[in-house]
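**Q** Chains as they are written, first to last, in our numbering: chain W, 1 to 168; chain A, 169 to 901.
Where hints are given, some of them may not hold.
[Stated by the list, open to error] Some chain A residues judged to face chain W by a derived CB distance under 8 Å, without partners named:
id, residue
1, A208
2, G232
3, P406
4, D822
Don't read these hints as lab results, they were simulated from the structure.
Glycine included, every Cβ here is placed at the ideal spot set by N, Cα and C.
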Amino acid sequence: MKTELKVNGQLHTLDHDPRMTLLDALRDDLHLTGTKKGCDHGQCGACTVLLDGRRINACLTLAAMHDGCEITTIEGLGEPENLSALQTAFVSKDGYQCGYCTPGQIMSATGMMDEVRAGDPSHVSTDLSGDVPFDDAEIAERMSGNLCRCSAYPFIREAIAMAAEVKK
Amino acid sequence: MTDTFKMDEAQPRLLDETRQGVIGTPMDRPEGKLKVSGRAPYAAEIALDGMVHGVLVRATITRGQITAIDETSIHDTPGLLGVFHGEHFVRNPAQGMAAESPEQPGTRIDYHGQPIALVVAKTFEAARDGAHKLKISYKPDDSVDVDPQTASNVVSKDDDAVIIGDVDSAMARADASVDLQFTTPGQVAAAMEPHAAIAQWQGDQLLLHGSLQMLRFNKRELADAVGIDPENVRILSPYIGGGFGSKLGIGAEAVSAALASRALGCPVRVVMARQTVFDAVLRRTETSQRVRFAATKEGKLTAIAHDDTVSNLSDEGFAEPVSTASQFLYGAENMHFLQKVAQIHRTPAGSVRAPGEAVGMLAFEAGLDELAEKLDICPVQLRLNNLPERHPATDQAFSARALAQALREGAQQFGWSERQPTASRREGDWYIGMGMASAARSNMLVPSAARVTLEADRIVVETDMTDIGTGSYAILGQIAAEMLGLPTEKVVVRLGDTDLPGASGSGGSFGASSAGSAVYLAAKKLREELAHSLGCAAEELTLQDGMARGANHEKSFAELLPNPIMAEGAIEGGKTADEYFSAGFGAHFCEVAVHAWTGETRVRRMLGVFGMGRVLNEKTARSQAVGGMIWGVGAALTEELSHDPRTGHIVSRDLANYHVPAHADIPRQMDVVFLEERDDQANPMQTKGIGELGISGAGAAVVNAIHNACGVRIYDFPATPDKVIAGLEALGR
């Protein structure tokens with residue numbers, strides 16, 4: 001079957017097995033391998049991408065469900081010599097080790113920062129309406145869908161906090 | 169071949185004399201920009217024309233024989249290319265440094281989940297469908313032990329036992345003693361990148377893109393498994409999505425990909441499903457441990473005993489060395505260390521980060537905390553009272569040992585003096601407490617070689633060493649830059665290719681010291697060559713920013729080097745390892761909050777103070793240390809393999825059921841202090857490993873803090889809320 005996806009601003013027409021996940025479509029058909037497969041079951045967050053601006057696990061959804069949708073992957077966020085503020089912060093804070101969960105952490109953080117800006121509350125928010133503080137407890141809670149077995153968590157959160165400062 | 173340096177005696181501290189000033193600095197990882205932009209290619213991500221996909225099939229019985237694999241049962245799978253199984257198939261990954269094929273059991277099944285076949289199709293979706301539907305017939309063997317507690321074959325390793333004096337009578341005479349039984353569950357590495365391989369053949373040459381930690385050994389393992397000459401195997405593994413021991417040896421993904429690719433004449437990719445990683449990759453054994461301490465009322469230990477039972481398949485040689493650190497941390501006149509191995513049919517056991525210390529120190533250091541409580545002595549002081557003069561079991565002298573300093577500095581920096589009596593500090597519904605434990609991890613030097621080329625404004629470092637997130641790219645570049653006097657951005661580090669000189673690989677915290685020493689030695693030869701060209705003695709030479717100076721001469725590299733110069737360095741352990749015992753030491757401190765009604769434990773802050781020789785990169789070393797400490801939190805609070813009591817199969821076989829720590833489990837305040845230290849007996853760089861020191865003892869600090877907070881002792885790890893609640897109820901709290 002055929003599906004049209006707009007990935008990182010570029011339109012692609014895929015001819016694919018209907019069972020193909022969005023994750024496999026990105027990795028294998030479009031060779032955008034920055035989006036990682038860690039568990040294929042929505043348990044680790046390594047495959048996080050932005051779908052029409054919101055973060056999702058690309059392994060938990062089929063490519064066929066997103067005809068006409070806009071996808072942003074890690075490749076669309078920045079290039080090695082032209083990184084986003086968040087990507088730069090991950091390098092300087094050592095917010096990674098092996099690097100495999102890293103694109104997912106960065107995509108998730110990118111989406112998460114928009115959610116905080118929009119005032120979406122989380123489990124640890126004390127107030128369901130009004131401004132959400134961008135503190136470590138909020139970051140930790142909102143990033144807990146992204147596992148890092150190297151356990152760079154404190155440095156990942158430092159990087160996110162640093163990038164948030166830059167954005168302000 | 170190059171000459172091999174043997175570490176027979178302490179070497180001058182050259183890295184304290186060099187001028188470039190990059191060694192030890194917190195340099196960013198040179199491959200970082202590729203990682204954060206998604207451009208670093210991992211094993212499964214190499215795009216090859218005509219590549220097809222294989223999915224592994226697992227055994228659904230625990231023990232017995234395969235009687236038939238009915239390939240016709242999936243013949244209608246679109247794009248099916250073949251079903252592969254048979255005599256070359258491997259049962260489990262090779263143990264670390266095996267350098268030969270792991271067991272190839274043919275039609276025999278030894279554990280539930282054993283990989284037994286590979287279904288290959290043009291698409292991943294079709295191969296996965298075929299693997300699910302493939303019909304397999306078995307003749308099960310009904311007599312099968314899957315529980316170490318009830319196993320009929322338990323081997324006592326009497327020959328390896330360490331027995332000094334008489335622990336039983338010391339216990340009977342002691343002013344105070346503890347005799348405690350602990351259990352720890354099986355654990356897994358759970359590296360974020362599932363095990364993956366792409367195999368392709370050109371004639372009789374096999375090229376494997378793999379995710380492997382120890383290429384020099386892996387090459388021989390793969391060749392042996394497939395039945396070809398090692399010279400015909402090349403493995404590339406430049407980026408590895410975490411290892412932690414799980415990728416030490418070649419496994420079913422690599423061997424099956426190679427077999428299928430040879431038969432089909434096209435590249436074959438095999439990536440383990442996450443569940444397959446749980447089923448078919450070596451796990452950490454569960455343990456039962458008996459810890460005994462006896463002491464005088466002044467707090468002098470008179471007996472130390474740590475006996476344990478671990479498990480494995482009967483023909484796997486590996487047994488988790490549970491009491492390693494217990495044998496040298498403290499001294500007593502009477503000691504007893506005996507291990508038993510239960511032979512059972514679960515997923516076989518192997519090395520997972522800090523095999524031995526990671527689980528042994530949970531029990532040992534928690535037991536010592538209980539003794540301190542009985543003696544009414546500060547746990548830090550009790551440890552300081554009992555540091556041995558020499559290794560109690562081997563009588564070796566210690567090389568650099570910073571344990572006392574780490575204990576004192578850690579206590580001071582953490583605010584240990586503010587620790588309150590047991591269960592006396594409360595904030596609302598939360599009990600607050602502090603705990604501590606020692607850290608120790610023995611240090612090794614493994615044969616390694618490397619090649620370094622110096623050009624006028626560039627250094628190229630080449631070795632088959634791997635970087636599994638540890639920072640090899642960074643530190644090997646820093647060593648070369650420091651030794652040869654160029655900025656680090658002028659260094660190119662090439663790793664993860666078996667065509668390059670063979671290094672230790674990544675494992676046992678020996679990679680940085682071993683591979684790093686090989687780079688150091690190669691660079692040292694180049695320094696001698698530069699000194700000769702300049703006309704000065706090697707000792708007089710200083711190199712900085714591309715300038716060579718010595719004996720009143722000064723020349724730029726461009727003048728000195730009309731052509732690039734190249735040297736190989738190689739190292740192996742020598743006499744210092746016989747005469748001295750080298751280990752990393754440290755101390756962990758932890759503050760927790762324990763919820764009075766839910767039993768939930770929250771780690772509020774941790775501090776690790778470590779003496780691990782010269783630090784090569786302060787940033788990557790810190791990340792390693794903190795990573796290890798967080799593994800300690802996981803072992804203490806959440807990580808647990810559960811097995812079906814009938815079949816032994818792993819029930820918690822995914823990341824939703826096996827709980828590795830997540831962001832919300834870990835506080836921002838995970839502090840690390842590196843003590844200034846040089847270990848002259850370890851290697852010419854005076855370094856030691858850090859990758860495993862951080863985990864060793866960390867979990868014990870967590871459970872000791874739980875006890876201080878609320879009075880509950882945990883003997884059955886992990887300290888999940890149900891156990892804490894039961895403990896609180898038993899105490900009437």
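**Q** Run every hint past the structure and note whether it holds.
**A** Status of each hint after checking the structure:
Because the smallest distance between the Cβ of A/A208 and any Cβ of chain W comes to about 6 Å, under 8 Å, the interface hint for this residue holds. The beta carbon of A/G232 comes no nearer than 30 Å to any beta carbon in chain W, farther than 8 Å, and the hint placing it at the interface is violated. For A/P406, the interface hint is violated, since its Cβ never comes within 8 Å of a Cβ in chain W; the closest pair sits about 11 Å apart. Residue-level restraint check for A/D822 holds (minimum Cβ-Cβ distance to chain W is 6 Å; threshold 8 Å).
Comparing the model with each earlier hint shows violations of hints 2, 3; every other hint is respected.
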